[in-house]
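We have chain A; now place chain B onto it with these hints.
Residue numbers (our numbering), protein chains in the order written: chain A, 1 to 250; chain B, 1 to 640.
Hints should not be assumed to be uniformly reliable.
[Unchecked claim] DSSO-like cross-link-like pairs, simulated, lysine-lysine; straight-line CA separation at most 27 Å:
{"no.": "1", "chain 1": "B", "residue 1": "Lys499", "chain 2": "A", "residue 2": "Lys44"}
{"no.": "2", "chain 1": "B", "residue 1": "Lys322", "chain 2": "B", "residue 2": "Lys306"}
{"no.": "3", "chain 1": "A", "residue 1": "Lys44", "chain 2": "B", "residue 2": "Lys496"}
{"no.": "4", "chain 1": "A", "residue 1": "Lys44", "chain 2": "B", "residue 2": "Lys506"}
{"no.": "5", "chain 1": "B", "residue 1": "Lys385", "chain 2": "A", "residue 2": "Lys7"}
{"no.": "6", "chain 1": "B", "residue 1": "Lys384", "chain 2": "A", "residue 2": "Lys80"}
{"no.": "7", "chain 1": "A", "residue 1": "Lys12", "chain 2": "B", "residue 2": "Lys496"}
{"no.": "8", "chain 1": "A", "residue 1": "Lys47", "chain 2": "B", "residue 2": "Lys499"}
[As the list claims (entries may be wrong)] Here are some of the chain A residues that sit facing chain B, going by a computed Cβ distance under 8 Å:
{"no.": "9", "residue": "Asp39"}
{"no.": "10", "residue": "Ala151"}
{"no.": "11", "residue": "Ala154"}
{"no.": "12", "residue": "Phe155"}
{"no.": "13", "residue": "Leu186"}
Calculated from the structure, these hints are not laboratory results. Since this is a predicted model, take the numbers as computed values, not measurements. From the three backbone atoms N, C-alpha and C, an ideal C-beta is built for every residue, glycine too.
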Amino acid sequence: MMKIHLKIWRQKNSQSKGGFKEYTLDDVHQEMSFLEMLDMLNIKLVKKAERPVEFDHDCREGICGQCGVMINGIAHGPLKNTTTCQLHMRSFNDGDTIYVEPFKASAFPLVRDLKINRSSLDNIISSGGYVSVDTGQAPEANTIPIANEIAEAAFDSAACIGCGACVASCKNSSAALFTSAKITQLELLPQGQKETRKRVVAMVNQMEEEGFGHCTNTEACEVECPEDISVLNIARMNYEYNKSKILRNK
Amino acid sequence: MENHLNAKIPEGPLSEKWSNYKKEAKLVSPNNRKKLEVIVVGTGLAGASAAASLAEMGYNVKSFCFQDSPRRAHSVAAQGGVNAAKNYKNDGDSVYRMFYDTLKGGDFRSREANTYRLAECSANLIDQATAQGVPFAREYSGYLRNRSFGGVQVSRTFYARGQTGQQLLLGSYQALMRQVNTGKVNLYARHEMLDLVLIEGKAKGIIARNLDTGKMERHGAHAVVLASGGFGKIYYLSTLAMGCNASAIWRAHRKGAFMANPSWTQIHPTCLPQSGEYQSKLTLMSESLRNDGRIWVPRDKNDTRKANDIPEEERDYYLERKYPAFGNLAPRDIASRSAKEQIDEGKGVGVLKNAVYLDFSRALKEYGKDIIEERYGNLFTMYKKITGIDAYLEPMKISPAAHFSMGGLWVDYELMTTIHGLFAIGEANFSDHGANRLGANSLLQACVDGYFVLPYTLQNFLADEIKNPKTDIHHPEFDKAEEAVKNQLEEFLATKGNKTAEEFHKLLGSELYDKCGLSRSREGLEKAIENIRELRKEFKENLIVPGDASEVNSELEKAGRVADYMEIAELMCIDALQREESCGAHFRTEYQTEEGEAKRDDARFSYSSAWEWNKNPATPILNKETLIFESVTPSVRSYK
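Looking at chain A on its own, in the form it has when it is part of the complex (with noise of 0.2 Å):
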């Protein structure tokens, strides 16, 4: 059993103003889930009739990408490659204050507590994060070989989930490591490579209108990434844009 401070981040709505609000759990388990503990503590808030803290998430495996808050004022909290919801008490001591604030960034405006709005990146994939193949277009699927390392460094990218830790980790609130993990993984591909230079422009252009900053290569994404999204896909994103800047037209 653990003492544990916390000083979580209320805030009613958006317009509001909010505030750390602290509470203090005198019965945390080691083997309990950051969320769990937070759940512990939402039961007790609930029995006081008092508003639980709103937090996202949902899956709770790590792959969903629902949740995600700033915990000590890391993405995800102290551990490497993982998110929240698989983060456990065992990585806090007895007596720890532990701060948790939602993910930041103008970009994902806060809904409540520690709940945010991520629709902008669902904007991003929207305007060119696909392959533009209708249902029953289709050809056999070995009609394609793609060499096993190929297959592999696509699927790097692809394992993106979405939370968002990225941009909550940059100085620049920006989206880069996202954007770019996407354009990858449809760029190394045969079946995405014949839409890059139109996909790349339109993605890149749409992280830009939806409030999102410029990369700076400060590579803070990559390190609190929980998929370990490499900051080389944000180096080919950049390489594909100009590409397809100077290649407008030709």
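Showing chain B alone in chain A's frame:
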């Protein structure tokens, strides 16, 4: 008097039924499609693929999900793979073989024609997903790679590391977002369907609550498609996401859609065991691990030695011993039940003695760490994150957990429910898996329903809707439905008791797992029904939900879902009680062979039970769809 349902199975031999259907199905011309609106609830593989495919055809689609983005839907969590009868391995696979495996895996309790269609459309899915850019595993030659899964003797499973569900979902999510971009799909994320609206007996729209603002919204359409997934979360501890729920299908049920085989829940054998009271979910470890992992328990009871200290001859590899032909790849229901037997006998391992070992030491020796890492690396990492244990050095501890709903809304061959104009696809319906689903068939069914079946069958329905104008959302039926939904939320808020929705959910879940889980008995089920009624009464009187309905309020969302679970739980027990046989995941202790295997009773129970709502949860009416086997003769299911 029992009512028998007509599934509208097309004429002709099994292998020609689907082509015969497509030959006869009505069409809607491209310029008429833009006049028609379709609501799709849910954005998992079934919902996203259906919404995208329908929009590509030219229909106007409204797509709803309760998550903050369609990409979060729980299809994302499926790990191991997706089956398809491509026979790339030249190891004897065929559409018929896949159909038969699925039918047998489901213990001959599924509809032959649907199961065949599932196998028939499976190859197309691999083509479609590959074209979308799904990075499936490849051989060094560049061709697609396969592996084997439980309950089969061929390698027909395609996979993308241990994240096949995520990659397939991203493929259909991207197809969906592409249609959002064209304006053919209107997306409503963070919206929860709270009621179905019927006008003159036909499904014409839904009432949805905007979960960010609390605002009630009315949406009309020419047809409504439910793709809201399964309800294994009813057990509270399960492999499902926290938000998975049955509210969409249950509210449709209360409006007249029959629920079929609700008690058939797959308990997945390879999950992480519970470690304490506070636990919120049991994480699934892919079945694919059983390709190389060997399951065992100590030979003697109460063995307290560490796994690595127990010598080979004092271990019992019980699946290999009991089912030599399939060994560690025995189907899920059998693997789960065998684990439970060992645990009940006192041979369970771990602190709570609720687990069995899954051991990779032989595979590590045989193939080396690199190969094992390539095959299962992310699963080993996940295991370490959750348990703190390195499974390269000692065996994993696993135990069974509630996973997949074979039951769901009853649908006919066209995937239409008993409500005209209401369709159910993916895990939300009941049709393809019988009493037990084979591994890697769930992603397949969701995709086949959404990409390849619904676009034909829904169009056949919509062809008669061209003459009908847009649905008027000011119709009195919308007023009535909205009013009822608002009243229910107000009731939750006004109860002001002292138990949270989550606490009720945990109590309900453990009662259900205990008496209507891996094994069931008349005595237990009757007791469970009594206890569920008590609990439901307490829920009405003692629930606490703070805040109000006009804002974000996750406690209010939970209350609605738990209220529905309270009713479904009773129906599950009633369903399990009436089925006096054992089949697949439904194991009645009274009906077993001398060796403890499931004893089916084809003479009395070769039917799907389809329950009709009748004013309250205690008095549902049983309808039956008799299962007719034209092409196969149901046999005793043996994996020995």
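key: Hint numbers not upheld by this structure, sorted from lowest to highest   = Of the numbered hints, all hold.
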